[in-house]
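J.: Residues per chain, in single letters:
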Amino acid sequence: MSGKVFIPQDKLASALERLNEKVPVWVPVSQGADRWGIDFKPFRAGMVPVMDRQSTALPKEVIFPQVQTLMTFEYVKAPEDPGRVQLKLEEPPEAGNALVFGARPCDVRGFFTFDRVFTEGPFVDNQYKDRREKTLFAVLLCREADEACFCSSVGSGPADTAGGDLWITPVEGGYVVEGLSERGGSYVQLLGDPATEEQAAAASRSQEEVSRQKVGSLDPSGVVQGQKDRFEDKDFWRSMVNQCLGCGVCTYVCPTCYCFNITDEMRHSRGERMRSWDSCMFAVYTQEASGHNPRPTKLERYRNRVGHKFSYFPEKYDGMIACCGCGRCIRSCPVSIDIRKVVENLKERSHACA
Amino acid sequence: MHAHNPYLPELATVQEVIGETHNICTLRVVLNDPEKMKNFQFTPGQVGQLSIFGVGESTFVINSPPTRMDYLQFSVMRVGEVTQRIHLLNAGDQIGVRAPLGNGFPFEEMKGKDILFVGGGIGMAPLRTLLLFMLDNRQDYGDITVIYGARSPHDLCYSYEFDQWRSGGANLVLTVDTEHPGWKERVGFVPTVLKEEAPSAHNRVAIVCGPPIMIKFVLFGLKELGFEDDQIISTLEKRMKCGVGICGRCNMGSTYVCLDGPVFTYSELREMVPEL
Amino acid sequence: MSLLSERLGWIVFEAETKRLHELVKAVLPELDGIVGWEQGFDALHATPVFVNREEDVHRLMWSPLCVHNLSGYLVKTPPFLPRDEGRKVGICVKGCDSRSLVALEQEKFLGRDRLHIFGIPCEGTVDWRRVMKKIPLRGVSSVRREGPELKVEDSRGVHSLPWEESLARRCLRCAHPNPLVHDVLVRDPVEPRIKKDEAYGLVEEMDQKSLEERLAFWSAELDRCIRCYACRNACPLCVCQDRCIVETRDPKWLTQKMGISEKFMFHMIHSLHLAGRCTECGECERVCPMEIPVTLMKEKLNQITREILGYEAGIDSQLVPPLLTFNPGEHEL
Ligand SMILES: Cc1cc2nc3c(=O)[nH]c(=O)nc-3n(C[C@H](O)[C@H](O)[C@H](O)COP(=O)(O)OP(=O)(O)OC[C@H]3O[C@@H](n4cnc5c(N)ncnc54)[C@H](O)[C@@H]3O)c2cc1C
Ligand code: SF4
Ligand code: SF4
Ligand code: SF4
Ligand code: FES
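Protein chains in written order, with the numbering used here: chain L, 1 to 354; chain F, 1001 to 1276; chain C, 2001 to 2333.
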């Protein structure tokens, strides 16, 4: 591991250009001149990263693309007997390395949820594991928490470095960057000149200050019981999600949502089987061939979404909450449904019951 | 299953297709890799994902028993896209198989006990694997009573095997919903026939599989006969995708039907969130 | 939640909100509930709320943050409708929202007699993203309108923005700010910002561009589409819902792929299904998390409908929408 370097604001693009030559870099960029939102994109020369607010869409895409080929297949004539059709299956090539520059603590935390599901077995998702291992994160010290954020309530925080390989601290005039992992550390020198003592001290001060911040005041304890107690209280769930539109926004922008669909596409005799992000908020998600749907309305779907994050996941994975408190589902929800409100209410009701 | 990639099916060849009813057919399938076929191990009740490449994958119980490994057998009811295509298969066609998946029946715990199978329609498929397994290990089990019903005689699967089941030591009670010319067995709904048969609940395990409405009334009947929740076993159906506990589709609360199921006792089901 | 609302000051239009409470209380016993807006998770957001008890009436509010078009709730599953024939449900509507009600009535999805409509003449709704883009805000504590300015208070102080610059695009091109149908009006009618003929400025601007430029524009915009279908689900007139082309497998119109052609296909069909039906409430554009100007496509189709057929949806409940009529003698169709 090496010391700290300083990247002046106006040299950020050129630093990223150098980095991009070593490892493909993803950066947060504006969605358009008069747009508020930002999105992670593969770095190209001339891109100006936007580091002053959380992205709308996620770096989830880097490790878990919205659409990913699981295998390709081809129907071919058997060489010895052209009347017989054989199948050829091919697995997709391995992924390359990547580095996500300017991910926020919540963006990285999301993958901790994925890791439990995709890599712990009994079955291991090798494609996920491959990309996960090959992707580095340059984590940004987050000073932009807003009213929707609650990362400190779910085990993270704005100065969280868990899962990071590099740490970016915004200071006057630029960024101080330091290594967090060995692999990350090997890129530090490349990014800028060694930070002056002043710059390093400013970074440390900022880190200390931010790590003292408590973002959010949600207390998710007691929710597992609350979910059980209130599971069949339809009026309660209705009052929580009556306004839901049943779109996929909350799940698609969520760093911890991982549910996917598997579909085949074929042209002539060749095709692919792919997986794509799915949403438990979609009506057809659990619809069975018979037409029967165990979650027929948004009430049951939202109940499952909240349950999955705050009850079922902790039950299955030693207490781990499948939410990193990024607030994206709240911010991007077209009707401003607040998952914290549901969680708070579940708790209150369960206390009232007890 | 491929150890390194749980989504990658084994290629397999359809050996034989048997028409069971107007909308159910049975496939006998062998894996193309003879080594893998030889070493294939599973528990009765475990399932497989069958692939028609270009259309998709669907879940079916392996309804042949592990004691008869010439082929893997699946019975498929035609309900949607994949099943429609499966019904067009002929001997020699290539498909994909991911198996075995899921938990299977606790057949060890059933040793020394009397057994009651209650099946309706395609629900006989998951029962068949365990039934044949038990008949092949007949000495391990007490009385084996099978109550199997369908709408009409033409809707009963495996009718060509009934004699074998009987001679193998099963007390087979067949029933259809209404009278049919030439039908010499029982007439009436499965729950009614269960009441008439009234098998003793003492030291017995009941395995129930069929349409939801049948299950509901069979459960009432079993309760009346004195069966406790942990003496009743059933299999669940959920829409599945990955089948390996990752894609998140088949959950009921924190239970994943593809991994933790599809076989559950009624006492287990009571503990789960009621989202059937 | 009570905690939040105590801490934060809201952009509540007090007089209008008070009047709304009075009007609602007066009829609530005869209604099977009312859908309106209440304060959302912060000072910049409201959220729809369903009220059927007097003690909840105080939750209802009116402010320029009441951005949602609530009429979709009347027709989308499960529809918010009265339990039996003789009764009604209440709904709060702005000018644009009221046109959705008219259009739904025109298409026989709704009966006017089942609704008690609280009409709210509207001076424009605030686009929170536009505000945030102009003033990066942290910890917004209050939002107010003071004359020609929007004043926002956050952890760093008070910021102001010209009112017009805080408004949603749909509001800047709105010719019908006063509800076209209502049982009561919550406030006095307001002066429309523009005339209908002036509403298609951006469409005309787009028309000036070459085909290549237009293709490049839409490719870049639609490239961002994540296919969340919020635009579809929020549209009160997108009534197919779960039988939409994106879900049907037979016939299969779309794959799960993320290619531009799939997205074009979805948006083209979505727009075409709304040609001459869309009332330009702008919900599809408002709800898009990726800020894609999806209403613009429908505007173009509506402009054509106006020019060729002289028709505008959601104005007159007695008119039959042209694409729902079929006249064998018609030329050029
Ligand atoms: C544990 C278990 C055991 C079972 N055992 C048996 C058995 O032994 N015999 C039997 O007959 N049945 C069995 N079933 C039921 C069987 O799996 C279903 O009937 C079957 O999957 C229906 O498939 P289909 O393709 O015909 O139906 P469809 O409804 O057409 O769906 C099939 C597939 O098409 C795709 N698809 C369809 N619609 C969509 C959509 N809107 N979006 C995305 N993808 C879509 C999906 O890949 C889906 O899996 C079992 C089910 C389970 C869970
Ligand atoms: S984003 Fe909001 S409206 Fe859309 S499904 Fe999620 S909770 Fe419902
Ligand atoms: S549930 Fe909401 S707050 Fe939690 S991680 Fe997902 S998007 Fe963020
Ligand atoms: S709301 Fe936006 S991102 Fe979602 S499907 Fe519509 S255009 Fe695409
Ligand atoms: S089918 Fe994917 S988790 Fe069960």
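In short, the hints are calculated from the structure, not lab data. Ideal Cβ positions, reconstructed from N, Cα and C, are used throughout, including at glycine. Each hint should be verified, as a subset may be incorrect.
[Stated by the list, open to error] Rough simulated footprint, nothing fancy, chain C against chain L, three-plus residues with beta-carbon under 8 Å:
(1) 128-142
(2) 187-193
[Stated by the list, open to error] Simulated restraints, written as ranges between beta carbons of each label pair:
(3) L:G291 x F:G1019: 46 to 56 Å
(4) C:A2220 x L:E288: 34 to 44 Å
(5) L:G319 x F:P1212: 27 to 37 Å
(6) L:E91 x F:L1088: 19 to 29 Å
(7) L:D318 x C:V2027: 50 to 60 Å
(8) C:S2261 x F:L1088: 47 to 57 Å
J.: Would you mind marking each hint as holding or not holding in the structure?
T.: Right, here's what the structure says about each hint:
1. With 0 residues carrying a beta carbon less than 8 Å from a beta carbon of chain C, the region 128-142 of chain L misses the three-residue requirement, and the given coverage is violated.
2. For the region 187-193 of chain L, the proposed coverage by chain C is not satisfied: 0 residues have a C-beta within less than 8 Å of a C-beta in that chain, short of the threshold of three.
3. Take G291 of chain L and G1019 of chain F: their Cβ atoms lie about 25 Å apart, and the range 46 to 56 Å is violated.
4. The hint said 34 to 44 Å for the Cβ distance between A2220 of chain C and E288 of chain L, and at roughly 40 Å that hint holds.
5. For the hinted restraint 27 to 37 Å between G319 of chain L and P1212 of chain F, the CB-CB distance of approximately 35 Å keeps it satisfied.
6. Take E91 of chain L and L1088 of chain F: their Cβ atoms lie about 27 Å apart, and the range 19 to 29 Å holds.
7. With their beta carbons about 53 Å apart, D318 of chain L and V2027 of chain C fall inside the hinted range of 50 to 60 Å.
8. With their beta carbons about 30 Å apart, S2261 of chain C and L1088 of chain F fall outside the hinted range of 47 to 57 Å.
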